[in-house]
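Given next are the chains, with one letter for each unit.
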Amino acid sequence: MDLKELYRDVILDHNRQPRNFGALTGADAHADGHNPLCGDRLTVWVRLDGERVADIRFEGTGCAISTASASLMTEAVKGKDKAAIEALYRQIHTLLTQHDAPADPALGKLVALAGVSEFPARVKCATLCWHTLNAALEQSAAAVTTE
Amino acid sequence: MKPAAASLDVERVRADFPILAQQVNGRPLVYLDSAASGQRPLAVLRAVEHYETHLHSNVHRGVHTLSQAATEAFEGARARARRFINARSAREILFVRGTTEGINLVAQSYGRSRLGPGDEILITALEHHANIVPWQMVCEQNGCTLKVAPIDRRGELDLERLFELLNARTRLVALAHVSNALGTVLPVKRIVEAAHSCGALVLVDGAQAVPHTAVDVRELGCDFYAFSGHKLYGPTGIGVLYGREELLEEMPPWQGGGDMIRTVSFEKSTYNELPWKFEAGTPNISGAVGLAAAMDYLESLGAAAVAAHEHHLLALATAELQAIPGIEIVGTAAHKAAVLSFTLRGCHPHDLGTILDSEGVAIRTGHHCAMPVMTFFGIPATARASFGCYNTESDVRALVAALDKAREVFG
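These protein sequence lines are chains A and B, in that order.
Numbered by the working numbering, the letters in the first sequence go through residues 1 to 147 in order.
Numbered by the working numbering, the letters in the second sequence go through residues 1 to 411 in order.
These are calculated hints, taken from the structure and not from any lab test.
Nothing here was measured: the structure is a model prediction, and the numbers come from that model.
Any given hint might turn out to be false.
[Said to hold, decoys possible] List of simulated lysine to any residue pairs, SDA-like, C-alpha gap at most 20 Å:
1) A/K109 <-> A/V123
2) A/K4 <-> B/G346
3) A/K4 <-> B/R88
4) A/K4 <-> B/V409
5) A/K78 <-> A/L88
6) A/K78 <-> A/A121
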């Protein structure tokens, strides 16, 4: 296991200075996510333009993987439509869970999360934001959990 | 700083624990998670193996040789546990799966049959979920009320407030002997005296206390005392609930089935005598045998020597961690046992746990099944290093070095 692979500079940077952090005013939907294992909590807000995510912000507390993953996610999905986001999630899920999976260049900065696949206990940290986004997109106000 | 009590030869102790002699992520294992589960000495492993290899059958009612041997081993373990906590009688020793089941037994048997609207159960703010949720369930079922005595910023129980909360409506006080998240040792005897003068019973969650201190239930005066085998270097899935005989006699069984009955007909069944009235179904026989061996082992080391050794390590680690910039120790009570909870600024405990693990250092991170404690301190989680009889000063140094590494990564 390689710590440097897990805590790449991009991850540490997005942990220290998460992008799109803080409540989104005028949001069309939001959802709360909770990882009871480590106490990570976050809220994701989205403003929609039809099927497209016109704006997205998040807020919460969590470990570096959870925070950086959420920050990177907001950058990656902004402007994309629901179908594209779903496809992106499938790719990121493969990246996080399959060791040595070739990183799809379409993932862009999200490939920084590739090191997580070596740390199975931390996969949930990285996926919490995606589950929460999905809940928000389903316009569900119910809290989601990774358990 | 004074050296550890000379009476504990730690290198010899370590040789008794084969699991410690391994590499984790290319580094020698530094096991600082005994508050979650202690490791097992060879004496326990061998006792279990001997039982499984030579003695096993089902206990009670068998006339064949193995059944009698298994019964003897199981009831012998009960007698051993009685001596371990100085109960009056082996009838006061109930084998359960662990502390959690012991507390649930009291909640569902005593609580459910005796408590009702207007009655109060008093707990403290530093309890493990296992000493909160069973009482909430009784309150929901029977309409009684849960009261909580607060703690202060050091993690000390606010005794004055606890004494104020004690009143004629208080029927039961349930408290930890040692806090699992903070390490605080509670003045159980004083609280028992105060509770009894109000007519309330006292249940003690001893899960974190038994590995670190000799427990004498008669000296404490408590009515119930629950603990787990695996925290005192015994197997998982076995624990003890001590209850005063007069109370257990009057309490209804909580689970029905084999072993707990005297006669069964479709009209009515009658119940077995103590302790079997509370032990429905085939018990964890090999677990009880292993637990008895763990008690022998711990007593052979000497409770005082173990306590002095762990106290030395706790004091050393506390001093070392206090000197590291960004480290905040959570739980600074005057009287603590073997648990050091802390946070590192800018590094979430979960990240800290991963980094320490990469250095071979095993600590626990999270809310430690004490979410209200985390809420009180306004943090989502802590990192927790805990010490057992086999830990050394070099383990503390490895922890400090691994924390330096974490500061480097997150610097």
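Hint check:
Taking the CA atoms of A/K109 and A/V123, the gap is about 17 Å. The hint holds against a cut of 20 Å. The straight-line distance between the Cα atoms of A/K4 and B/G346 is roughly 17 Å, inside the 20 Å bound, and the hint therefore holds. Under the criterion of a C-alpha separation no larger than 20 Å, the hint pairing A/K4 with B/R88 is inconsistent with the structure, at around 58 Å. Distance hint between A/K4 and B/V409 is fulfilled; the C-alpha atoms sit about 8 Å from each other, no more than 20 Å.
Restraint check: the Cα-Cα separation between A/K78 and A/L88 comes to about 12 Å, which is no more than 20 Å; the hinted pair holds. Note on A/K78 and A/A121: the hinted pairing is violated, with a Cα-Cα distance of about 28 Å set against a maximum of 20 Å.
Of the hints listed earlier, those the structure fails to meet are numbers 3, 6, in rising order.
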